[in-house]
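Let's have the full structure, built from the sequences with the hints guiding it.
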Amino acid sequence: SQTIHQWPATLVQPVGSPLSLECTVEGTSNPNLYWYRQAAGRGLQLLFYSVGIGQISSEVPQNLSASRPQDRQFILSSKKLLLSDSGFYLCAWSASGAGQDETQYFGPGTRLLVL
Amino acid sequence: TQLLEQSPQFLSIQEGENLTVYCNSSSVFSSLQWYRQEPGEGPVLLVTVVTGGEVKKLKRLTFQFGDARKDSSLHITAAQPGDTGLYLCAGPSGGSYIPTFGRGTSLIVHP
Chain A
1 SQTIHQWPAT LVQPVGSPLS LECTVEGTSN PNLYWYRQAA GRGLQLLFYS VGIGQISSEV
61 PQNLSASRPQ DRQFILSSKK LLLSDSGFYL CAWSASGAGQ DETQYFGPGT RLLVL
Chain B
1 TQLLEQSPQF LSIQEGENLT VYCNSSSVFS SLQWYRQEPG EGPVLLVTVV TGGEVKKLKR
61 LTFQFGDARK DSSLHITAAQ PGDTGLYLCA GPSGGSYIPT FGRGTSLIVH P
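Heads up: the sequence lines are chains A and B, in that order. So in our numbering, spot 76 of the first sequence is number 76, and the numbers just go up one at a time. So in our numbering, spot 2 of the second sequence is number 2, and the numbers just go up one at a time.
Everything labelled a hint here was simulated from the structure, so no lab data went into it. Among the clues, some could well be false.
Partner residues aside, some chain B positions facing chain A, computed with beta carbon under 10 Å [claimed, not checked]:
no. : residue
1   : E41
2   : L45
3   : P99
All values derive from a computational prediction rather than experimental measurement. Heads up, the beta-carbon is just placed ideally off N, CA and C, and yes, glycines get one too.
This is the structure in structure tokens:
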């Protein structure tokens with residue numbers, strides 16, 4: 001069965017510091033991968049998605065970047081965090097290819113607090 | 001403009017009551033997913049509906065996909081405190097495989 005991991009679970013960082021959040025998926029190959037940010041108790045904002053190694057699409061211009069160095073690894077980064085980067089970050093995967101189930105499966109999330 | 005509108009935004013009920021939450025759009029969706037999310041955790045998939053008019057049941061939860069595949073509903077019978085959470089609907093439209101999410105319905109069931 002497939003599993004998705006995120007770490008760290010919680011992170012407190014000062015303004016201006018760098019960020020690296022990691023997401024890995026097990027039990028599937030060539031997944032589509034996604035990074036979302038969620039405001040407190042509300043819907044999801046898509047930040048980045050990737051259909052393959054080194055292929056990143058950005059949905060929202062911001063202080064963040066994403067990379068996919070390996071097939072099942074997705075990294076969210078920032079060189080200098082802003083207060084507004086605080087939030088709950090979720091990684092998700094879905095099966096790729098025409099005719100595949102488009103359902104997304106989410107990781108446990110990372111709570112980021114920028115002070 | 002939100003592609004998927006969920007209503008109500010908030011719902012606070014007593015244990016044993018029934019409720020329905022709605023997910024509406026002017027766009028056609030190839031499928032719709034319903035998720036439940038608890039505080040501090042990632043959304044967990046409840047169901048995917050694909051066929052217009054489809055009805056799926058998951059214990060006390062009944063999901064329906066509209067005939068035109070533009071809307072969906074979730075009905076909970078005899079709600080329990082364990083049903084508390086944020087209910088999100090999502091689905092891909094316009095030929096994209098990337099789903100759009102509604103803003104969610106926050107449900108609290110009091111014992």
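Checked hints:
Given hint, E41 (chain B) at the interface with chain A, holds; its Cβ is 6 Å from that chain's nearest Cβ, closer than 10 Å. Proximity of L45 (chain B) to chain A holds as hinted, the smallest CB-CB distance being about 6 Å (cut-off 10 Å). Annotation: interface hint on P99 (chain B) holds; nearest CB of chain A at approximately 6 Å, less than 10 Å.
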